[in-house]
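4 protein chains.
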Amino acid sequence: MTTKSKNVYMNITNKLIWIFLFIGVVLLMSFLRDTKAKSKKVIFFGDSITQMGVQPNGYISIMKEMLAQQGITDYDLVGAGIGGNKVYDLYLRMPDNVIAQSPDIVVIWIGVNDVWHKSTYGTGTDPDKFEKFYRAIIKQLQADKIKVMLITPAVIGEKNDYSNQQDGDLNKYAQIIRNIAKDTDLPLCDLHALFHLYEVNNNTANVDKGVLTLDGVHLNDAGNKFVAEEIWKVLKEIQ
Amino acid sequence: MTTKSKNVYMNITNKLIWIFLFIGVVLLMSFLRDTKAKSKKVIFFGDSITQMGVQPNGYISIMKEMLAQQGITDYDLVGAGIGGNKVYDLYLRMPDNVIAQSPDIVVIWIGVNDVWHKSTYGTGTDPDKFEKFYRAIIKQLQADKIKVMLITPAVIGEKNDYSNQQDGDLNKYAQIIRNIAKDTDLPLCDLHALFHLYEVNNNTANVDKGVLTLDGVHLNDAGNKFVAEEIWKVLKEIQ
Amino acid sequence: MTTKSKNVYMNITNKLIWIFLFIGVVLLMSFLRDTKAKSKKVIFFGDSITQMGVQPNGYISIMKEMLAQQGITDYDLVGAGIGGNKVYDLYLRMPDNVIAQSPDIVVIWIGVNDVWHKSTYGTGTDPDKFEKFYRAIIKQLQADKIKVMLITPAVIGEKNDYSNQQDGDLNKYAQIIRNIAKDTDLPLCDLHALFHLYEVNNNTANVDKGVLTLDGVHLNDAGNKFVAEEIWKVLKEIQ
Amino acid sequence: MTTKSKNVYMNITNKLIWIFLFIGVVLLMSFLRDTKAKSKKVIFFGDSITQMGVQPNGYISIMKEMLAQQGITDYDLVGAGIGGNKVYDLYLRMPDNVIAQSPDIVVIWIGVNDVWHKSTYGTGTDPDKFEKFYRAIIKQLQADKIKVMLITPAVIGEKNDYSNQQDGDLNKYAQIIRNIAKDTDLPLCDLHALFHLYEVNNNTANVDKGVLTLDGVHLNDAGNKFVAEEIWKVLKEIQ
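Chains as they are written, first to last, in our numbering: chain A, 15 to 253; chain B, 15 to 253; chain C, 15 to 253; chain D, 15 to 253.
Quick caveat, the hints were computed from the structure, so don't treat them as lab data. Bear in mind the structure is a predicted one, so any value in this text is a computation, not a measurement. Just so you know, not all the hints are guaranteed correct.
Claimed, not checked - Listed next, the in silico DSSO-like pairs over lysine-lysine satisfying Cα-Cα at most 27 Å (straight line):
| id | chain 1 | residue 1 | chain 2 | residue 2 |
| --- | --- | --- | --- | --- |
| 1 | D | 146 | A | 143 |
| 2 | D | 223 | D | 55 |
| 3 | D | 55 | C | 223 |
| 4 | B | 239 | B | 78 |
| 5 | A | 153 | D | 146 |
| 6 | C | 143 | B | 146 |
| 7 | D | 196 | D | 153 |
| 8 | D | 54 | C | 223 |
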């Protein structure tokens with residue numbers, strides 16, 4: 015072995031040591047990650063309804079209590095709702111507010127403002143662009159190995175005979191989400207359909223608020239409980 | 015009899031002749047009017063759908079043919095539709111376009127633009143003002159001894175699952191008209207309900223136009239025929 | 015004179031007495047009316063700005079004080095403003111709220127909601143229909159021998175560099191009123207132009223409210239004073 | 015030298031050859047890139063106005079001809095406009111349509127639809143979100159070492175007296191862009207101000223289209239020439 019070849023050999027040895035060290039660290043991190051993965055981090059990504067969901071009687075708080083009562087401890091439920099958000103607002107803040115938080119599952123619940131703001135500010139979202147941004151969010155989350163669950167927008171007004179001003183439009187956007195769920199084979203909690211059924215059965219006076227909501231949009235206690243239960247039915251099936 | 019009293023007497027005689035002549039003419043006119051009244055003048059008062067109703071295949075033209083085929087000759091069907099009209103446009107032009115034409119019956123068919131123009135121009139009609147003008151039209155027509163028949167707005171989009179953008183709002187305005195018909199005990203042709211039923215049964219592909227309309231709003235041949243038949247069912251009962 | 019002719023004569027005499035009595039009353043009323051006419055009844059016909067105009071610091075109240083201080087006693091200033099009113103609301107309630115009150119002069123101040131409600135509710139007024147109803151109001155008032163004065167809508171937002179959202183549209187509707195004033199040769203108080211000039215000179219910080227308004231639309235104390243003075247300048251010239 | 019150490023040596027030699035080859039290629043590419051970098055790639059990023067800008071008489075085509083006539087050959091002008099785009103559409107397609115194309119300079123011209131679609135579809139963009147997405151686009155481009163130039167939206171209607179419906183709102187959004195340009199110290203072509211000046215001086219009949227545009231928004235020949243010249247004045251100063 016010449017000096018030159020010896021040096022080369024030494025260098026290779028050094029490099030191999032580094033490589034083994036690196037592999038060790040990666041394995042260790044991977045192991046730690048596995049341990050941590052046993053607690054699933056779920057981010058609820060949405061608008062003011064979700065922003066209110068982390069309040070004492072909010073649907074996320076109620077879901078936490080439900081899980082605690084059932085002795086389920088391996089879920090970390092986190093709210094990421096901001097009032098007035100539409101689908102493109104979610105897309106813009108997803109890197110910081112969601113992906114940087116390394117969730118295992120993201121539950122997307124958006125759409126009310128995309129429809130509602132058409133008539134209140136003239137700043138709703140076109141249906142084709144709603145779909146485009148919605149799919150872009152899913153694509154990015156899946157690229158980051160995050161599981162995704164979808165929810166249709168519940169109600170704007172609680173009348174049960176399709177006479178709330180936005181009923182047609184909201185149903186149209188709910189249908190867009192149903193179609194996306196089908197195409198992408200993603201779990202869906204169809205609150206739009208579930209709320210309608212509940213209203214038909216329980217809102218016999220056909221009032222426009224006060225059954226599951228405070229104001230036709232934001233959940234009251236009954237609404238928060240109903241939503242917590244319905245979301246959990248779908249969420250618990252996600253492995 | 016003095017000359018003076020004679021002159022007075024002569025004057026009175028002259029006046030009486032004129033008075034009798036006047037009464038005679040009035041009676042004659044009244045008699046002619048009775049004869050004419052046997053032909054009921056019906057004015058269809060509405061928007062572009064009614065404006066197109068007098069065209070060769072329009073619903074008013076079809077109704078005329080239907081009546082002719084059935085040997086019914088005592089109806090004079092007249093179109094008074096203007097494109098883009100909302101309820102307050104009807105109110106404004108009612109004196110000239112309707113009352114001055116001395117109809118026996120006025121069929122009011124309005125509401126599509128009151129809802130539609132909210133999203134296309136920002137110039138729809140608030141529901142409370144829609145009702146206020148609608149009732150004002152009825153009140154004025156009834157004050158002029160004209161019979162009134164009401165029609166609910168048919169459709170903006172033909173999808174049968176309440177997913178056309180304006181479905182909720184249009185249904186809300188149809189409900190306003192139903193309530194007015196109830197309150198005022200006026201005959202109603204509920205095309206909004208009839209179209210929905212037809213779409214559920216016949217629009218199996220759930221398309222948004224082409225079943226009863228050309229474009230989701232204006233009637234195609236099938237639509238004109240359907241409307242002619244449904245309106246006639248109610249109209250013929252008005253004595 | 016026979017009994018018959020005597021009776022006829024008596025009847026005629028009776029009738030003449032009644033006729034003279036009637037003429038007398040009419041003359042008396044006409045005389046009283048002349049006396050009363052010395053006090054000109056002015057109705058301010060408008061929206062919430064005018065509704066607030068009769069409040070203690072409102073522009074109508076201030077104008078009354080101004081006149082009292084100047085010893086002018088022959089004006090009866092009456093407010094007829096209703097919040098949310100657009101031009102067609104004025105037309106609908108004109109018979110009861112204005113004409114039945116027998117005013118000498120009507121000051122029409124409308125237009126803010128016709129523009130504003132486009133973006134807040136989707137229920138503004140199309141420019142062509144704004145003009146049509148505006149002219150119909152004038153025509154009816156003039157048919158009833160009532161003098162008419164016009165006012166352009168002041169502001170929606172007080173920024174002075176044409177950067178308030180509705181600046182373009184409001185200016186367009188102000189221009190419609192200016193054109194009507196020209197066509198009909200009616201006195202005009204162009205508050206839209208006067209407010210702009212005032213803002214350019216006094217709103218140096220270019221704020222959007224707080225200079226002449228409380229909220230960008232409804233007058234503050236300075237605004238009520240400014241409006242009272244500007245309207246009076248035009249109103250006093252109407253004979 | 016053992017066979018083993020020889021093999022190692024050979025492998026290392028082979029690897030070194032590959033490494034040198036790789037370095038050579040990288041250097042060559044880097045050299046070519048330097049050469050190519052002398053030709054500045056400019057992407058015009060916008061809506062239908064820019065989409066039409068690459069047509070034979072479009073402003074980008076005209077700018078190319080202008081540069082050719084002046085013997086300027088080191089610019090590569092590329093259109094990336096899509097009809098109906100608002101600021102958030104640019105953000106969504108920026109990775110593929112702009113960054114992946116490795117431009118040296120991106121000229122952002124957006125805003126007309128963000129304002130216009132408020133009244134035509136109820137789907138405009140709120141001013142705060144307009145600013146948020148606008149700044150996010152700039153931030154991302156700058157993170158990728160791309161130079162950025164800003165343009166204010168020109169006109170929606172050519173009337174020169176601030177009586178086009180959207181004048182106030184468009185001016186407001188132009189002001190947002192002016193403020194961003196100031197904050198970020200980026201070059202700005204203020205077409206909104208330049209168009210207004212041009213209209214005041216040249217649109218003496220105060221028509222709403224036909225001076226610099228075909229329809230109040232999209233450029234006619236005079237408009238394309240005007241825009242090409244004004245953009246170039248700012249663009250040529252960017253080093």
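Against the structure, the hints come out as follows:
1. In summary, the hint linking residue 146 (chain D) to residue 143 (chain A) is supported, as the alpha carbons are separated by about 18 Å, within the 27 Å threshold.
2. For the hint pairing residue 223 (chain D) with residue 55 (chain D), the CA-to-CA distance comes to about 33 Å; that exceeds 27 Å, so the pair is violated.
3. For the hint pairing residue 55 (chain D) with residue 223 (chain C), the CA-to-CA distance comes to about 46 Å; that exceeds 27 Å, so the pair is violated.
4. With a C-alpha separation of about 11 Å, the suggested pair residue 239 (chain B) and residue 78 (chain B) falls inside the 27 Å cut-off, and the hint holds.
5. About 23 Å separates the Cα atoms of residue 153 (chain A) and residue 146 (chain D), which keeps this hinted pair within 27 Å; it holds.
6. Distance restraint check for residue 143 (chain C) and residue 146 (chain B): the Cα-Cα separation of roughly 18 Å lies within the 27 Å cut-off, and the hinted pair is therefore satisfied.
7. For the suggested pair residue 196 (chain D) and residue 153 (chain D), the alpha carbons sit about 15 Å apart, so the restraint of at most 27 Å is met.
8. For the suggested pair residue 54 (chain D) and residue 223 (chain C), the alpha carbons sit about 47 Å apart, so the restraint of at most 27 Å is broken.
Hints 2, 3 and 8 from the earlier list are contradicted by this structure; the remaining hints agree with it.
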